[in-house]
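J.: The chain contents come next:
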Amino acid sequence: MEYQFRRQDFYTGLIIIGVSLFIMMESWRMPRHLQDWPAYAAPGMVTGILGLGLLTMGIILTLRSVRRQGSPLPFKRADIVAYLTDPKTRRLGLMFALSLIYCLFLGRRIPYILVTSIYLALVMITFRGTGPVKALIISLMVAIGVAIVFNRLFLVPLP
Amino acid sequence: MELGPLLIFKELLKLFSPIILFHVFWSTFIGMIIGMLPGLTATMGIALLTGLTFGMEPRMAIVILICVYVGAITGGSRSAILLNIPGTPANAAACLDGFPLAQRGEGGQAIGLAATASFIGTVFGLFCMAFFTPLLGKIALEFHSWEFFWLAIFGIVICGNLTAPTDPLKGWIAGFFGLLVSLVGMEGITAYARFSFGFDQMKGGFALIPVLVGVYGIAEVLGGMREVVLPKVRSKVGRIIPRARDLINHYRHILRSGVVGVIVGAIPGVGEDVASWVSYDFAKRSSKQPEKFGKGSLEGLIAAETGDNACIGGAIIPVLSLAVPGSAPAAVLLAAMWLHGVRPGPLLMLEFPHYIWEVTAMMIMASFASLVISLSFVRAQVKILLIPRPVLMPIVFVLCVIGSYAINVRVFDIWVMLAFGVIGYAMRNYNYPAAPLVLGVILGDMADVNMRRALIRTAGDVSSFFIRPISLILIILIILTMISRTKMFKRIMSLVKVKVKKIFGKQR
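In order, the protein sequence lines correspond to chains A and B.
Here the first sequence stands for residues 1 to 159, where the numbers follow the working numbering.
Here the second sequence stands for residues 1 to 508, where the numbers follow the working numbering.
These aren't lab readings, by the way, just hints derived from the structure by calculation.
These figures come from a predicted structure and were not determined experimentally.
Examples of chain B residues lying across from chain A (beta carbon under 8 Å, computed):
1) Met-225
2) Val-401
3) Met-451
Which bits of chain A does chain B cover? Going by a derived footprint, with three or more residues having C-beta under 8 Å, they are:
4) 52 to 63
5) 109 to 122
Heads up, the beta-carbon is just placed ideally off N, CA and C, and yes, glycines get one too.
All chains, full assembly: derive it from the sequences and hints.
T.: Below is the structure:
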């Protein structure tokens, strides 16, 4: 069976090693005799042990990817360009960007119904889910429905 | 002392009110739609509805969530049969025989059989739940800090092992990451804010629901929008009500899958998808016609659907007795119970002795509602499958956002949800299972507080972690789980098998 995650495992392994070293370092820096509690009750005790466990697994993951398939493939410019120009990646990026912008606008002074219906209509039209008029009607209905249920029924203030 | 069945009946009578029946039916229906639509899972459905039912009376909210759970697992077989796309991961095994049946024009029969098998599986699971939860609860009373620490570690290890069958290491990494995520913020012994980096919002830690919604919901939305097309329903539905003989002839598969489902469900974090595959595999091995499996075998379909639904009851057993979820949807259910003031765990039988019977009664209502809806609104439900993803997914995203926000009314939770959505998406692409992460988030506090508390009790002596009987059993189980996937262990086991065969062969 071909080993599929040759490159990914190597780089994620390195990321895990980095993160776990950071966790262990932070755990070590946490107070060890807080409020006169003994050192074994220190807040960094369990996080340090878990960090150590994660570090071990990160090392195993990295070494295993090297052992199974030799040195990892480097990222080539052509690979990155191919990934970025893939229509699927574009769709993903667009959806994420629109959703991020939507979240950025929430919690400000713009009415929730307005922000939500614009976001919904924009996504539906951009991704050709339905026609513009239908998209606007659905978006408005959903936004008003959510606002009524949460705000009026459950008395939750809208973002 | 009153008998269990009588207590269940009493609770059932208490639940029989028009308003609860109304909630049971709409939530089961919504659950089925969530389950049916590829990309929306039971976990995500319960997480979304947790936000929606936040302001409701606790009993009503839990009824709704249980109905969504049962409905989603049952409904997932619709798209598996008609589209060859499992509605939820739990229904993946149903594709193998459901879709060939639909292609032969027997889609209606397949749907009817799947619905009935699901109903039987759920009922089997809930009765096992009612019977075994009090027993496990009694054992759980013997658990102390040492055992709870090891239980948390065991949960992560076995969940990682079983949800990442090709690479358990990735499952364990996900589990450890989940444990660490849960330890962000103020801890329970000295109130020290860990990993908060001076941010006030981080001092409160990451709330469970935004993390869950992110890992399951947002990751699904992003993944769903990345794909371009969705195949259309090709099959005619036809006759739906199943023939009694189809069920009677396969009673062995139903019974076996029920047992398998409950056992798999009771294992922390494993869940319905594994139950369904294991049941399917067992049915194939024991069948007189194994060659028909994958080509439209009724046995395969019945086994898969009974197994995943029986798992629901099984997954709730550890939720109620140990506060350890048996599956990802059960993890959200546990979180919802906490939100509504119920404290599942060893003390549940002492604090709320009737709660187990109440949950059983709720599940009975959910399973009946699910059966009725499954067999009566098939054509209407099939039309919902035709909703295009670009219309559905943004609506789901809006619901994810509001659901995460509503729990604590914090915009910070929306960002937590989004961040974990990205992490969940990356994990999925790199073959890291999400279930151990979720289980880790649930069990992190249990592991942390109990380890430190145990050390305080023994003045730093670690030997108690290794010499107490239950701890020792758990340690052995952890080690066995970890080494069971190594080549050396497999080689030793095959050698042992050969030797045992030789010994018994000689005796004959």
